[in-house]
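Asker: Full structure from sequences and hints, please.
Residues per chain are reported as follows:
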Amino acid sequence: MTRRPPISRRTFLKLTATVAAGAALAGCAPKQGSTIPTEASVTRINPTIPPSPTTGINTTGSSTAETSPTETSSNPEPSSTSSPAYLAVVHGPDPAAITRAAIEVLGSIASFVSSGYDVIIKPNICTDYHPPEYATTTNPTVVGTLVSVCLEAGAKRVRVMDFPFGGTAKSAYAISGIADAVEAAGGEMHVMSHSKYTKVDIPQGRDLHSVYIYPDILEADLLINVPIAKDHGSTRLTLGAKNLMGVILDRNMMHMNLSQRIADLTSLVLPTLTVIDAVRILTANGPTGGDLGDVKQMDTVIASRDIVAADAYATTLFGLTGSDIGYIQACADMGLGSMDLSNIDLREISLG
Amino acid sequence: MSWASWRRIRQAAQILFFVFFIILIFAVVQKRVAPPLADIFFRLDPFAAVGAMLGSRQWIPKLGLALLTVGVTLIIGRVWCGWICPMGSLLEWVSFRKARQRAETISQRWRLVKYFLLATSLALALFGGLTLLVFDPIAIFTRTLTTTLLPALFYAINSIENVLYRVDLLTPALDGFEGLMRGTVLPVEQPAFAQNLAIAALFFGLIALNLLAHRFWCRYLCPLGALLGLLSKVSLFRPVIGTACTQCTRCAIVCKPGAIDTNPEDFHIMPSECTICLDCMANCKPGDIRFRFLLKPAQREEFDISRRQALEAFATGAAGALLLGTDLRLREENPWRIRPPGVTDENDFLSTCIRCSQCMKICPTTALQPAFTQAGLTGTWTPLLVPRVGYCDFGCNACGQVCPSGAIPRLPLEEKRQAVIGKATIDRNRCLPWASGMPCIVCEEMCPTPQKSISLEEAQVIDSNGQTITVKRPSVWRDLCIGCGICEHYCPLEGSAAIRVYDA
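So the protein lines, in turn, are chains G and X. If you read the first sequence in the working numbering, its first letter stands for residue 1, the second for the next number, and so on. If you read the second sequence in the working numbering, its first letter stands for residue 1, the second for the next number, and so on.
It cannot be assumed that every hint is accurate.
Chain G residues, not near chain X, derived (Cβ > 10 Å throughout) [unchecked claim]: (1) Lys14; (2) Ser111; (3) Thr127; (4) Glu188; (5) Arg206; (6) Leu317; (7) Ser350.
Have a look at the derived ranges for each label pair, beta carbon to beta carbon [as the list claims (entries may be wrong)]: (8) X:Ala459 / G:Lys199: 52 to 60 Å; (9) G:Gly186 / X:Val185: 23 to 31 Å; (10) X:Trp336 / G:Gly186: 30 to 38 Å.
None of these hints come from the bench; they were simulated from the model. Given the structure is predicted, the values throughout are model-derived calculations rather than measurements. We treat Cβ as the ideally placed atom computed from N, Cα and C, and that holds for glycine.
Answerer: Spelled out as structure tokens, the structure:
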């Protein structure tokens with residue numbers, strides 16, 4: 001039996017050079033592609049929004065936040081009862097039921113999810129310190145229900161992710177109860193890897209002009225932002241816009257000018273749907289919590305296509321208004337949404 | 001069953017234990033929860049057990065399992081070395097062709113070194129110093145994997161991924177790989193350890209010594225091997241060359257640890273050096289090497305430690321203890337000597353910690369780092385908490401769970417959360433709101449205690465535009481602070497943090 005001669009050094013080097021050249025060529029091309037998501041995501045987000053009061057705000061960045069909602073609410077489209085609400089506030093003892101109801105009030109899940117969509121849900125899973133009763137992480141039932149709703153509407157895949165600052169992703173996912181809820185609903189918990197973060201320009205940014213961001217967030221067909229409403233030392237409250245800090249790599253630099261930079265980041269990410277979990281809220285010692293005495297049962301879910309409106313409403317649960325929170329004001333100033341609750345179609349319902 | 005098949009079984013056992021050891025390493029890497037059996041190799045290690053028990057002057061039940069190894073050795077010899085020890089297996093597998101000839105030029109008397117090292121280590125331990133436990137083979141291997149080999153592996157994987165992610169075509173495959181591995185096998189944060197070069201140098205140096213002789217470390221240096229070797233001298237069953245021997249020396253040629261004395265006057269197997277690998281039995285032409293039941297202790301070898309040498313070793317250990325114990329580093333208030341959670345007394349810690357680095361391996365934030373001289377030379381490669389590198393996770397008590405000797409107490413999570421590791425102090429001359437009038441309260445945000453250990457007070461300051469702005473200035477409630485170091489870790493100030501944890 002003749003043995004095949006081993007590969008010669010020359011052949012090996014030739015092969016290596018060919019492969020390396022191929023990789024180098026392939027590697028050069030998408031370099032420009034990696035900066036594209038900025039525009040691509042913006043253009044992709046807008047078409048997914050059905051004709052609703054939000055559209056005016058999202059497309060016309062120059063128009064002031066106060067005027068556009070007044071315009072749209074003055075000419076309501078079809079019948080007022082079945083038309084999608086601008087902001088849904090649903091109260092009730094069953095977190096799953098109020099989550100579903102909130103989506104319905106906004107005009108059914110079909111207006112958000114089309115068949116084959118790749119959905120990302122971004123809850124607040126900030127630490128691995130406490131179980132959900134402590135209201136430091138988003139209610140697992142709310143997250144699980146959103147996963148179910150998306151899959152029922154034909155989503156191809158629903159991933160849930162956050163980047164905790166206390167503990168590892170896996171442990172935080174487990175302690176928060178979100179891993180169990182999501183996996184039971186058929187979604188996947190995704191661990192955000194350092195290797196993937198990409199530098200992206202923020203065209204509308206006023207102070208923050210580029211950021212290393214987890215690219216999947218921008219590439220998803222639908223991004224649902226699911227913060228929990230809770231106390232926060234520097235910004236007073238952490239809500240929807242603040243929750244977006246979980247998708248970037250360097251959070252330290254954000255603190256230099258926190259309110260404006262959160263608004264700048266919001267202008268880049270601009271989630272299609274924000275669902276604020278106020279089933280339990282944390283009223284003090286946030287965002288980390290740990291004392292059940294600081295937790296208040298509110299049995300409420302707030303949802304809107306307008307992250308600013310949702311945040312502004314959530315502040316009222318703490319006896320504040322949107323303008324009390326720096327980043328909400330900054331977002332409104334940038335025209336990212338409306339924090340004036342008096343002029344929007346706010347629909348509040350109570351279930352059992 | 002023939003000796004050849006027994007030898008196969010031994011080789012299978014070596015591979016099995018080695019793989020088990022590596023699996024345990026991966027199972028323990030940066031997890032918040034200790035897997036069962038995480039410290040099993042250390043618990044079976046009588047050198048670590050005797051050292052820790054002598055040093056801390058107490059019976060450590062967890063390490064009592066080492067009696068099993070002692071028992072097995074008393075029955076049949078150094079089975080540990082030839083069948084189980086992952087370091088020994090590795091050294092057996094890394095063999096160089098010329099090592100056997102070279103070994104013949106090395107005097108047998110060098111085998112004394114291991115006994116001397118053993119006696120010195122134990123004498124030092126008797127005086128409370130466990131410094132020489134850094135030479136425990138399981139500790140060497142674990143420490144090297146933890147601080148150098150695995151971080152290097154993760155770095156390589158991350159680097160390759162970084163390049164491959166630029167190729168769009170490969171993104172789905174990489175995402176699949178990431179989804180599977182990240183957070184489970186691969187840590188999210190790239191680990192990095194102090195002292196990694198020194199630790200790697202020791203490990204690779206020991207492997208390089210294999211150039212001079214097969215299993216050089218096991219023959220001449222290993223203190224655990226020395227301990228088991230002494231026990232093997234009185235083991236009940238010992239391999240003995242029978243009368244059919246033709247002195248063909250085939251057995252000596254195949255013997256990796258060189259345990260066969262080929263002196264024609266006294267051709268015999270030295271039980272203290274034999275790792276029960278069975279190679280000689282499988283290769284004996286007349287087939288006359290077999291286990292004999294013996295009650296009489298084995299004969300003295302020329303390299304055995306004499307009473308005089310034992311006393312010398314003891315004196316060396318004692319002198320070492322005196323010198324190491326009078327190190328200024330142990331006397332002065334050392335602000336950076338922050339120990340893992342639950343450790344209260346530095347001296348107790350130094351005399352119980354077996355330098356195994358299991359805690360560094362499991363720490364999810366790589367906060368625990370091997371010390372160099374921060375705790376004196378006596379504390380070399382003991383764990384220090386370095387908050388700027390990583391913080392003590394409020395939701396984690398894993399280090400105490402994997403600590404084989406209990407140097408880090410095994411605290412329930414609720415107790416660990418109250419264990420004071422140190423105290424944070426703010427440097428108002430550097431803190432952004434205090435020194436520069438810039439808004440920043442990251443420390444307060446991160447503080448994990450149920451009632452924040454950092455309070456904020458509002459102050460009016462003038463910013464660079466001449467505008468009066470309100471900033472919140474942080475202060476530490478000393479009575480609440482547990483010194484977890486998350487404030488120091490996340491302090492956005494460049495260089496060293498403006499809030500630092502000091503040993504308390």
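Asker: Hints first: check each against the structure and report whether it holds.
Answerer: Against the structure, the hints:
1. Lys14: Holds: least Cβ distance 21 Å, greater than 10 Å.
2. Ser111: 28 Å, holds
3. Thr127: 7 Å, violated
4. Glu188: 7 Å, violated
5. Arg206: 16 Å, holds
6. Leu317: 20 Å, holds
7. Ser350: 32 Å, holds
8. X:Ala459 / G:Lys199: 52 to 60 Å: 36 Å, violated
9. G:Gly186 / X:Val185: 23 to 31 Å: 24 Å, holds
10. X:Trp336 / G:Gly186: 30 to 38 Å: With Cβ atoms ~49 Å apart, the hint is violated.
Hint compliance for this structure: hints 3, 4, 8, 10 are broken, all remaining hints hold.
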